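**Q** Fit chain B to the known structure of chain G by using the hints.
In order, the protein sequences belong to chains G and B.
Mapping of the first sequence onto the numbering used here: position 44 corresponds to residue 825, and the numbering continues sequentially without gaps.
Mapping of the second sequence onto the numbering used here: position 81 corresponds to residue 83, and the numbering continues sequentially without gaps.
Calculated from the structure, these hints are not laboratory results.
Since this is a predicted model, take the numbers as computed values, not measurements.
Among the clues, some could well be false.
Straight-line Cα separation of at most 20 Å, EDC-like style, residue types lysine to aspartate or glutamate; simulated pairs [what the hints assert, rightly or not]:
#1 29/B x 64/B
#2 337/B x 815/G
#3 337/B x 814/G
#4 144/B x 48/B
#5 883/G x 264/B
#6 934/G x 253/B
#7 66/B x 129/B
#8 208/B x 814/G
#9 107/B x 95/B
#10 337/B x 811/G
#11 994/G x 962/G
#12 934/G x 4/B
#13 337/B x 808/G
#14 294/B x 271/B
#15 24/B x 4/B
#16 82/B x 96/B
#17 92/B x 970/G
#18 333/B x 970/G
#19 812/G x 336/B
#20 337/B x 809/G
#21 208/B x 1016/G
#22 108/B x 96/B
#23 170/B x 191/B
#24 208/B x 832/G
#25 994/G x 1024/G
#26 327/B x 131/B
#27 294/B x 253/B
#28 816/G x 336/B
#29 333/B x 287/B
#30 208/B x 264/B
#31 843/G x 832/G
#32 92/B x 104/B
#33 91/B x 929/G
#34 24/B x 5/B
#35 327/B x 908/G
#36 82/B x 4/B
#37 327/B x 929/G
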Amino acid sequence: DFRAFPGVLAHLEMLEARARREAVQQEEKEKWEEKLAFLKARAQELRLLRDELRDKVEQQEKVQLGKEGILSDPSPRAVLEWKIRSLQNLLQVFHLTGISGKLSNRSACFSIHTAYEGFSLDSFHLELLLRPGLRIQRHSIPAFIPLEQISRKLLHSDLRSFLDLLSRHLNAFVGRRHQLELLQEHFSDWIQGTPQRNSLCNLLSFQYHIPGKSRSFPFQARLLYGDPCRSLPTEVTVSCSPDAPAPLAEAASAHSELLRNTALHRAFHSLKSME
Amino acid sequence: MDETVAEYIRRTVLKMPRNEIKMMLQKWGFLSEAQLQTLNFHQIKDNISQDVVQLCEVNSADIKQAAVLDIIYNHIYQHKRMWSVYQMKKPGEELEYFDITDFKKKFKGRLRSALKNVTITFKEYEDNEIWIRVAWGTPYKKPNQYKPSYVVYHSQTPYVFISASVLKSNLPLLCQALIVASNYHDIREMELRSHSLNSLQDIVFKRYSQNFQTYSPKPPQGRNAEAESADLRIVQENKSEKERIHRLNWEVFGDGPQPKLEFAQYMLETMFKRDPKMDVLDKKEPFRCLVKFSSPHLLESLKSLAPAGMADAPLSPLLTCIPQKARNYFKIREKKGFFPGSFVSP
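This is chain G alone, in the form it adopts within the complex (with noise of 0.2 Å):
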């Protein structure tokens, strides 16, 4: 029936102009918010820039007026020289942690050093901007490291802890990476081919046998490591094809309870040394 088309359509239209209408409002309100939020920020930093400077002018009027009750002022200029040996003490400190970092008045660049077993591994880089609040500027973290989760959570909150824990996802990353590849550099005869292995090196599996034991590789390891912190395995599963004799299946569980509590290329160190 055409007259009942046209009602069809004029409502359909309206319906579209509607949900038009309605995406620009959203839209504005949007930008409205962002720039509501800018502009908090940067109040909030012109007050606490205010409360810094009052406590200033306090502290200097306490000065005067204090004067005759200090014993022996220490000279400013030991006073300085005290701070900056602090300061100096304090960041190498920190480097022998592996963080380090160097302030500029724009921005602050941290450098996270990795190693594992006492072998030196893998620089990152972070470029954090200091005003109107802070926020990374620039970076050379991996994508597959979570950094955006990491930084939501703690960035603005305690900075400290932020760089912690971004430090021992590096750590235990570049870890499971190293003993990945001692493995593969020292064992490549007991392992079929290549392990399979993602990214982050959270989620090994491989087909290996013991050299001169038997030709095939009746042994298929998986790994999976569930803490991003940690380079050791969570999870090991080592298994045997159904119709393994007895001693092969009880081997690949003795196995399975070595590469749960050992690093992997250690825990096959064991095994050769056991043969």
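**A** Structure of chain B alone, referenced to chain G:
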């Protein structure tokens, strides 16, 4: 062996440069070493490809193996294709255990449930790089093997590199399958395109050289005195200016090689700034204009502009922010007050 498969293999071999055919066939691994020995790689390519097809006939090649050969060719000649970068998003915070078997199953399942006639092939390379080749058909036609799409994905990263075939209508389906397979919720195209896949990867994975100021416990080396010119009769008049330019350039571009991009495109929608007395335009509308910079190696040429004296240092942030912002397509609108809003302003 299917006629179409034979023809496809023949044409793929014809694409390869003659001195590389043996290497690619070896990488393929479908023909045995003994079989490869029987091939004469000094004849004309037409004959070589015929011989290869005959050997494939003996081994009963099907389209799956032929597709792998195509991936191998395109992996080596990736610079012949234009690559776009897509970014995936997910709101969740669960830890990812990327399992490649799981990924492949989900990807194939999603595509096949929407389109029966597709050829899907995977090949894994080092560095956790997964290549996916998809040849598209319709409900009534078999897949067109000559216009496939290629996808390159690194596990547990939110970036996908796609070289779409000319049949762009399949792109939404491809994107859907990718987010389902990799456990993401959303995908959008980034404003970043180039022929150099490696450079795109360098940019989004932050593998290019960025110079970060790092703390070092040793005191900084005294500035190396400029190697005294052997000839004292030559005097550098603009020495301080040269050093200033060099320093600014180093701060922006760093030491290492730049990612390889071929162009940067700026779409300007800014008001024409004119003398109020000269009323060139009646309407107060933004002046639309497209500025495109092209070069065989754009970033290296930008890096050499100031030292060559062709531009003032520092260069405009619109040019130097390209690797950091991971984009080479920009839209520039009028600055409204001090709030940047949704458009790019340096």
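**Q** Is the Cα-Cα distance between residue 208/B and residue 832/G 20 Å or less?
**A** violated (40 Å)
**Q** Would you mind confirming whether the straight-line C-alpha gap from residue 66/B to residue 129/B stays at or under 20 Å?
**A** At roughly 24 Å apart (the allowed maximum being 20 Å), residue 129/B and residue 66/B break the hint.
**Q** Does residue 809/G lie within 20 Å of residue 337/B when you go C-alpha to C-alpha?
**A** holds (17 Å)
**Q** Are the Cα positions of residue 170/B and residue 191/B separated by 20 Å at most?
**A** holds (13 Å)
**Q** Hinted pair, alpha-carbon criterion (20 Å max): residue 108/B, residue 96/B. Please report holds or violated.
**A** holds (19 Å)
**Q** With a cut-off of 20 Å on the C-alpha distance, tell me whether residue 29/B and residue 64/B pass.
**A** Given that 20 Å is the threshold and the Cα spacing comes to 17 Å, the pair holds.
**Q** Given the proposed pairing of residue 333/B with residue 287/B, does the C-alpha separation stay at or below 20 Å?
**A** Judged against 20 Å, a Cα distance of about 16 Å means the pair holds.
**Q** For a C-alpha distance cap of 20 Å, please report whether residue 994/G and residue 1024/G respect it.
**A** OK: residue 994/G and residue 1024/G at ~17 Å, within 20 Å.
**Q** Given the proposed pairing of residue 994/G with residue 962/G, does the C-alpha separation stay at or below 20 Å?
**A** Given that 20 Å is the threshold and the Cα spacing comes to 24 Å, the pair is violated.
**Q** Hint check: residue 327/B vs residue 929/G, CA-CA at most 20 Å. Holds or violated?
**A** Holds, at roughly 16 Å.
**Q** Would the pair residue 208/B and residue 814/G pass a check requiring their Cα atoms to be no farther apart than 20 Å?
**A** It is violated: about 32 Å lies between the C-alpha atoms, which goes past 20 Å.
**Q** Given the hinted pair residue 208/B and residue 264/B, is their alpha-carbon gap at most 20 Å?
**A** Cα-Cα ~19 Å, so holds.
The structure does not agree with the numbered hints 4, 5, 6, 7, 8, 9, 11, 12, 15, 16, 17, 18, 21, 24, 26, 27, 34, 36 stated previously, though it agrees with the rest.
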